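Visitor: Okay, here's what each chain looks like letter by letter:
Protein chains: 2
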Amino acid sequence: MTGLTERAAKLDAEDPLAHLRGEFDLDPDVVYLDGNSLGAPPRRVAGRVEQVVREQWGRRLIRAWPDSWWAAPERVGEKIAPLVGAAPGQVLVADSTSVNIFKALVGAVRLSPKRSEIVVDAATFPTDGYIAESVAELTGTVLRPAVVDELDDVLSDQTAVVLLNHVDYKTGRLYDMAAATAKVHSVGARVVWDLCHSAGVLPIELDALKVDLAVGCTYKFLNGGPGAPAFIYVRRDLHESFRQPLSGWGGHRDPFAMAPAYEPAPGIARARAGTPDILSLLALEAALEVWDGVDLADVRAKGLSLTGFFIECVDELLGDTVEVVTPRDERRGHQVSLRHEDARALMAEMTAREIIGDFRTPDVLRFGFAPLYNRYMDAHRAAQSLADRLAPMK
Amino acid sequence: MTGLTERAAKLDAEDPLAHLRGEFDLDPDVVYLDGNSLGAPPRRVAGRVEQVVREQWGRRLIRAWPDSWWAAPERVGEKIAPLVGAAPGQVLVADSTSVNIFKALVGAVRLSPKRSEIVVDAATFPTDGYIAESVAELTGTVLRPAVVDELDDVLSDQTAVVLLNHVDYKTGRLYDMAAATAKVHSVGARVVWDLCHSAGVLPIELDALKVDLAVGCTYKFLNGGPGAPAFIYVRRDLHESFRQPLSGWGGHRDPFAMAPAYEPAPGIARARAGTPDILSLLALEAALEVWDGVDLADVRAKGLSLTGFFIECVDELLGDTVEVVTPRDERRGHQVSLRHEDARALMAEMTAREIIGDFRTPDVLRFGFAPLYNRYMDAHRAAQSLADRLAPMK
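Chains A and B, in that order, give the protein sequences. The C-terminal position of the first sequence is numbered 971 in the working numbering, with every residue numbered one higher than the one before it. The C-terminal position of the second sequence is numbered 971 in the working numbering, with every residue numbered one higher than the one before it.
Same shape as in the complex, but just chain A:
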């Protein structure tokens, strides 16, 4: 067992991203492995939001809107664009993930008015499925669940749009975006990728793969803060025909003209709905500065290494006491899921000892590894903590 302790120390000492942990306000004694649910706070955020309230809101008052606030959804979108492989002008930050899935799906159905079906990953994160169900009802289309590895079984010339998760929230399985996108396109349908569990984890190539639309949240690996606004990507050549249903004044061509008829703005701004939520947007903007100069290839390399080391610790310390649900090869995000019948109670006990992952019903322990602040010693301590409880003799 000392072998693993030493390996962790050596890996941490050699970690080229180790200095980034200093950017985050984290207790040194906490093992925080839930950044796939709520990222840790970048140190610069607290001061920034205070400054936005005191200096921008307090001193500039209404004048801050034209100064810098009105353009924040697009400006913050440009900071996310390079993280998802998007050229400028295609990413907007606004509203929640659920609301953006709604915009994306209705918009996608309208791009193919003669097609009657929406396909959704049957194991999707629930909100995606719930929203898809609502969109089907409102647009008079039919919802078809699909197994992602067997898309051929459901795709047809009736498929308008396919909503897929890049990383399965429960198992941590990473899907092949290139292959699935090509398959969807082969029947002339549109694809919407949910990047909630992959944005900030690995290089994503939305433009290069000709992805149609994508949505993602910013409070997981992007560390934007609890419930921070989500992002939506619409490929540039679709902008002109993209008509989303939350056609509030924010997405109008000339919002301050107060014109009686809705005319969508050119470009990605037409994905806006109401007044942008500035405090949360500017907190996110500060959080995203941590990514300046960070190479996603390095993030991905460390994430695979961290999760691989955790699986190694689990194998050695826990044996077959738990089942590793997450793929052992590179088809995984930065999350490792373990199955155990007492998962709920186990996670509660670990959390009480400041080793924090999360639980997903009915029997899954999830551990997220954020390469910007997690350490190999975190992986080792989490596995050791589980072993102390489940396999004390080993």
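Worth double-checking, as some hints may not be accurate.
[Claimed, not checked] Covered stretches of chain B (in silico footprint by chain A; criterion: 3 or more residues with CB under 8 angstroms from a CB of chain A, positions within the stretch not fixed):
no.: 1; region: 640 to 646
no.: 2; region: 811 to 825
no.: 3; region: 951 to 959
What the hints contain is simulated information worked out from the structure, not anything from laboratory work. Everything numeric in this text was worked out from a predicted model, so none of it was measured. Beta carbons are placed, not taken as given, at the ideal position from N, Cα and C, and that holds for glycine.
Guided by the hints, dock chain B onto chain A, whose structure is given.
Guide: Relative to the frame of chain A, chain B by itself:
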């Protein structure tokens, strides 16, 4: 002219709400008359958001969700409920006003599936009309514009829902909620009131008037901060049949069960969509504490007095150089609108001298009076500033 200066000083000295200005972080030299667009920052907000980031997010991390964050939309809603005359359990804070109008209108149409028309105030704030247009398209209903004083002309047994503004954003005209609600109900239709320009201005009696649904923003007279989340009210007896289309996981009966099928939560929680935006919600929660112990009857009395005094100053100092668009009787909110052909340039000049109202196309100068922080001297200085420019000889 000295008469008005002295009157202002006397009125300020006798103002029973004068002490509340101390709750706000406002430069003493700024005359801020745009609280109907963006309320001034309550002093307690800056420290609160910093604390939320450092102590809740930073120290509690994911554990803050069950601690206090998840229930914030309902909890903050309960702070707004008494300001709009709602008993507990009927107001929720989430998303933008535009998004909540969408939820309310689709939900209302679904309450009357055999009715085919949505009626909207023809002079509505644009976003209400844009969203209504979208809802009509998605629900297969017809949109009918109406003059609020002539609702009889359009109401029929085909009217499913009527969307009305309590205060006209441009003229400041206050509509009779009791009369219009009764008229809408007389044909068996539902009413949705937009309270953006009246919440925090005067006593509102949603429950007593049996209003069906209402929405409102929190960043105007409620001082929640730029783009702060909006609120939605659904009358209790409608909850069970209210089905809104943004059926994200937040509104599910058991969100963390991650069930495959959507089942709406009981009560107002079913108006939730995605993950709540915590930083903005908790900033708003702090801002609303300023209202503790404030009687809306006093707020209304001061608002009428302030706007009345402003109109008096305008009459005396400006004569017929400008047209007072806002009703001179009590059918007004806390906003006075003046018409002048050079309105845009005039407001720019005033703003440069730190006398801040706003401009609405094509020729309206708007001045909002927030009784919690505005002074009679603000009213006088604004009128004097206009007079210096437009009627220097008077």
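Visitor: Hints first: check each against the structure and report whether it holds.
Guide: Results of checking the hints against the structure:
1. With 4 residues carrying a beta carbon less than 8 angstroms from a beta carbon of chain A, the region 640 to 646 of chain B meets the three-residue requirement, and the given coverage holds.
2. With 4 residues carrying a beta carbon less than 8 angstroms from a beta carbon of chain A, the region 811 to 825 of chain B meets the three-residue requirement, and the given coverage holds.
3. Counting residues of the region 951 to 959 of chain B whose beta carbon lies closer than 8 angstroms to any beta carbon of chain A gives 0, which falls below the threshold of three, so the coverage claim is violated.
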